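Got chain A sorted already, so can you dock chain B onto it with the hints?
So the sequence lines, in the order shown, correspond to chains A and B. Numbering-wise (the numbering used here), the first sequence opens with residue 3 and increments by one. Numbering-wise (the numbering used here), the second sequence opens with residue 142 and increments by one.
Hints are supplied without guarantee of correctness; some may be wrong.
[To be verified] Example chain A residues on the side facing chain B (calculated, C-beta under 10 Å, incomplete):
| id | residue |
| --- | --- |
| 1 | Thr66 |
| 2 | Leu75 |
| 3 | Ser79 |
| 4 | Lys83 |
| 5 | Gly86 |
| 6 | Asn92 |
| 7 | Val102 |
| 8 | Glu106 |
| 9 | Met108 |
| 10 | Lys133 |
| 11 | Met204 |
| 12 | Gly205 |
None of these hints come from the bench; they were simulated from the model. Source: prediction; values computed, not measured. Cβ coordinates follow ideal geometry from the N, Cα and C atoms, glycine included.
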Amino acid sequence: MMPDLQQVGEGETQQWAPNITAPVVLLENVSKSYGKIHALSEITLALSGGVTGILGSNGAGKSTLFNLLMGKLKPSSGSIKLFGTDPWKNPAPYARVGFVPEHEKMHDWMTAHGFVSLFARLNGLTREEAKSEADRVLNFVGLTDVAHKQLGRYSKGMRQRVKIAHALVNDPELIVLDEPLQGCDPLARTTIMNVIRELGKMGRTVLVSSHILHEIERITEQIVILHNGRLLALGNLHTIREKMDNIPHTISIGCENPKELAKDIINNDAVYGISFPSGDRLQIQTHNLNAVHRELPALIVANGHKVSSIDNPDDDLESILKYLTGGLAR
Amino acid sequence: MMSPPKKDNVFRALDRKLGAVTEFTMRQYRTKLSTWVILGVGFIAISIVVLFYVDSMQQEIEAIDNDGDSADWDGDGYPTGQERIYGTDPENPESHPGTFTPPIAPDAPEKWINEDDFDWDLAASGDTTAGYDDDGDCRLADSTQSQKDNNRNNIECDIILDYDEMRGEWSEPNSDRLVDEDPDEEKYAKEAIHRAFLLAIGKMGFVFLLGIFLPLFLATGLIREEMDNSTIHFMLAKPIARRDIFLGRIVGYLGIVWPYIIAMGAIVGIISGFAGPGESLFRFADLGMWMAIIFATMLATLVYGMLFCALGTLWKRGIILALPFAAWELGMAILSFNAPTSSILRFSVIGWSLNIIDAASLVVWPNMALFISMGMWGGGYGGGGYGGGGRWDNSLEGAGALSAFASDTGLGISPIATIVVSTLVLLFQAAILWLVGSAIFKGKEIE
Numbered sequence: 003m004m005p006d007l008q009q010v011g012e013g014e015t016q017q018w019a020p021n022i023t024a025p026v027v028l029l030e031n032v033s034k035s036y037g038k039i040h041a042l043s044e045i046t047l048a049l050s051g052g053v054t055g056i057l058g059s060n061g062a063g064k065s066t067l068f069n070l071l072m073g074k075l076k077p078s079s080g081s082i083k084l085f086g087t088d089p090w091k092n093p094a095p096y097a098r099v100g101f102v103p104e105h106e107k108m109h110d111w112m113t114a115h116g117f118v119s120l121f122a123r124l125n126g127l128t129r130e131e132a133k134s135e136a137d138r139v140l141n142f143v144g145l146t147d148v149a150h151k152q153l154g155r156y157s158k159g160m161r162q163r164v165k166i167a168h169a170l171v172n173d174p175e176l177i178v179l180d181e182p183l184q185g186c187d188p189l190a191r192t193t194i195m196n197v198i199r200e201l202g203k204m205g206r207t208v209l210v211s212s213h214i215l216h217e218i219e220r221i222t223e224q225i226v227i228l229h230n231g232r233l234l235a236l237g238n239l240h241t242i243r244e245k246m247d248n249i250p251h252t253i254s255i256g257c258e259n260p261k262e263l264a265k266d267i268i269n270n271d272a273v274y275g276i277s278f279p280s281g282d283r284l285q286i287q288t289h290n291l292n293a294v295h296r297e298l299p300a301l302i303v304a305n306g307h308k309v310s311s312i313d314n315p316d317d318d319l320e321s322i323l324k325y326l327t328g329g330l331a332r
Numbered sequence: 142m143m144s145p146p147k148k149d150n151v152f153r154a155l156d157r158k159l160g161a162v163t164e165f166t167m168r169q170y171r172t173k174l175s176t177w178v179i180l181g182v183g184f185i186a187i188s189i190v191v192l193f194y195v196d197s198m199q200q201e202i203e204a205i206d207n208d209g210d211s212a213d214w215d216g217d218g219y220p221t222g223q224e225r226i227y228g229t230d231p232e233n234p235e236s237h238p239g240t241f242t243p244p245i246a247p248d249a250p251e252k253w254i255n256e257d258d259f260d261w262d263l264a265a266s267g268d269t270t271a272g273y274d275d276d277g278d279c280r281l282a283d284s285t286q287s288q289k290d291n292n293r294n295n296i297e298c299d300i301i302l303d304y305d306e307m308r309g310e311w312s313e314p315n316s317d318r319l320v321d322e323d324p325d326e327e328k329y330a331k332e333a334i335h336r337a338f339l340l341a342i343g344k345m346g347f348v349f350l351l352g353i354f355l356p357l358f359l360a361t362g363l364i365r366e367e368m369d370n371s372t373i374h375f376m377l378a379k380p381i382a383r384r385d386i387f388l389g390r391i392v393g394y395l396g397i398v399w400p401y402i403i404a405m406g407a408i409v410g411i412i413s414g415f416a417g418p419g420e421s422l423f424r425f426a427d428l429g430m431w432m433a434i435i436f437a438t439m440l441a442t443l444v445y446g447m448l449f450c451a452l453g454t455l456w457k458r459g460i461i462l463a464l465p466f467a468a469w470e471l472g473m474a475i476l477s478f479n480a481p482t483s484s485i486l487r488f489s490v491i492g493w494s495l496n497i498i499d500a501a502s503l504v505v506w507p508n509m510a511l512f513i514s515m516g517m518w519g520g521g522y523g524g525g526g527y528g529g530g531g532r533w534d535n536s537l538e539g540a541g542a543l544s545a546f547a548s549d550t551g552l553g554i555s556p557i558a559t560i561v562v563s564t565l566v567l568l569f570q571a572a573i574l575w576l577v578g579s580a581i582f583k584g585k586e587i588e
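So here's chain A without its partners, still in its complex pose (with noise of 0.2 Å):
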């Protein structure tokens, strides 16, 4: 058996094309269960283009889907394509994809511009190629001063944004993120975003899992909320949490005199509850979030109160998750 020189991968793959009809990530019923323990059950998505937030608690799913689009696991039923391609069984649809894994550990002997110049070459990147390639991505995620640094000396949000730059190499169309901002520091959060951002805008299809809401918001609207391995909703972040509105929510907004505010809030038709926590802060409880939403920020301007922040501190995955599973959650 002679190896296979021309490195594209195994024999079917030499000539392989993307399936330029076929979305770029297409799922179909896919579940995956280790024994009796199903980590996702009957999965069906198509993703082309543009940010998609997977958004789920810890044990959702999300790094087994990931792990089904990277190849690395089998699904137990169901078909996953990438560009038309079946990953488990053809490495060739990588030449289009990068993938940040959400894996700690790097080679910590190499140097950011050695271990994204290496890498890029199983790209099939030639040594100059590869170099070139790796000073453009580094300079995409701003590390081009520190790139020849051996990467053990690295903090984690500058590792994070250097698996971010190996991702990046060969321009690819599909690009998977496994909770990149973990851990991070906020500086790095803010690159790592507005990097996320600009590959959205560039046209890419991006996938950003992540256990915290804000941080999704923050970068796309486009949402896949896993919950127990299965599909909770799919769709835009807005729609979902508008269906929420006409549920009961908390607002808590931070002001000079919390008292006064509250008389001029109370005769809000949706307002149906008032609580001070402290005396610069006052809490209210509302049926109807987008109409106090709407007519809070007049009322605020027209009465000159010094309002500080508004918080709405339900307004996070696990309410999202509690109104979806029709309070079943946790």
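Coordinates of chain B only, in the frame set by chain A:
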């Protein structure tokens, strides 16, 4: 970037993905302390054996008067051997060559030690008779015909050589009395110990010790460690088949191990070439042996590397799976010394690797079997000297060791054909294990 791959030549194509995995693997090994510890331990282990060898080469081996004719029994100043030649009575002080006219001066006793060395070590195959009576004590004028030819082949003062085709070895030499009966122990022992050392260190030191333990510690984790560290994800997310990752990792491991084996072989080969016995300063003739030892070890590390890497991929504690294989191979190595023709050796890696060394030893030292047979015979009087000396056999020092380490190849074909067949079998084993290993890796679900 979207265009299909350009027509590369083979080397450019290799330089791409497979080359990248290989280069990565080699650089990774170089940064690991454990690599250097393992290579260092191998170096120390081999060096200790070499030290023993060099020491034994420096030691003087006592010259033994096997036939006892250096002694002057009657005290007339003439050694027995000299008196025998001249026909005087070695046990009568009045009878000695000094009474001749003109008188013959007495020989120093040393002249009659090792005075009748082997003369049949270069007998061509097919020769049935060899030997020469250097000291003339067989060809004495007053000996009868039957005294000169007591092996009854109608040739005076010779040794009958009989190669037993059925048993594949030389029968005990059947010599006329007092032919080649006082061999040079030092010359024989140094040569025999040198050859035994080359075979022993080649088989046990290189093929077994380096050949099994380097792959055991260096190849078992090739894929497994990357899986355990979760760093394999970077590689798996690239458009490269797992079969090629497996191969690239193996080639990278060989890129560390093979140069090491070549360097070790060269170092030990040069030391033994200078320290070994012989007329010339350096034993160039041994070069073929060292090439065979290095070659056999390289093939062994290739096959074991594939095997252990596959076992490591199969199970987290692949080294536990590898140990029974290593034990099996040790058993086969021991078996190859005792029963080299045993067909069970065909189901091992080491059996084929050792075949290469044994076959090479027959090419480099064509008279090996006869040489061993000579040493075991020892001149007929025995290594312990005249009168027994308490030894149960007659063999010369070194003959036993050489006989233990030299084995038949057991294939029944010429040495060169043995090397070719063994090489092909080992390469076939490596190819099968590569396919099995990549199939295991390919079917492995990795989280």
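To see whether the hints hold, each was checked on the structure:
Residue-level restraint check for Thr66(A) holds (minimum Cβ-Cβ distance to chain B is 8 Å; threshold 10 Å). With a cut of 10 Å, the hint placing Leu75(A) at the interface with chain B holds, because the nearest CB-to-CB distance is about 5 Å. Among the interface hints, the one on Ser79(A) is violated; its C-beta lies about 15 Å from the nearest C-beta in chain B, farther than the 10 Å criterion. At a threshold of 10 Å, the smallest CB-CB gap from Lys83(A) to chain B is about 16 Å, leaving the interface hint violated.
Evaluation of the Gly86(A) hint against chain B yields a violated restraint, the C-beta minimum of about 15 Å exceeding 10 Å. Interface restraint check: Asn92(A) against chain B, minimum CB-CB distance 8 Å, threshold 10 Å, status holds. Proximity of Val102(A) to chain B holds as hinted, the smallest CB-CB distance being about 9 Å (cut-off 10 Å). The criterion of a C-beta within 10 Å of any C-beta in chain B is met by Glu106(A), whose closest approach is roughly 8 Å, and the hint holds.
Hint status for Met108(A) relative to chain B: holds, with the closest Cβ pair at about 7 Å, below 10 Å. At about 12 Å, the closest approach between the beta carbon of Lys133(A) and any beta carbon in chain B exceeds 10 Å, and the interface hint on this residue is violated. With 10 Å as the threshold, the beta carbon of Met204(A) stays out of range of chain B, its nearest partner Cβ sitting at about 14 Å, so the hint is violated. Interface restraint check: Gly205(A) against chain B, minimum CB-CB distance 15 Å, threshold 10 Å, status violated.
Checked against the numbered hints above, the structure breaks hints 3, 4, 5, 10, 11 and 12 and satisfies the rest.
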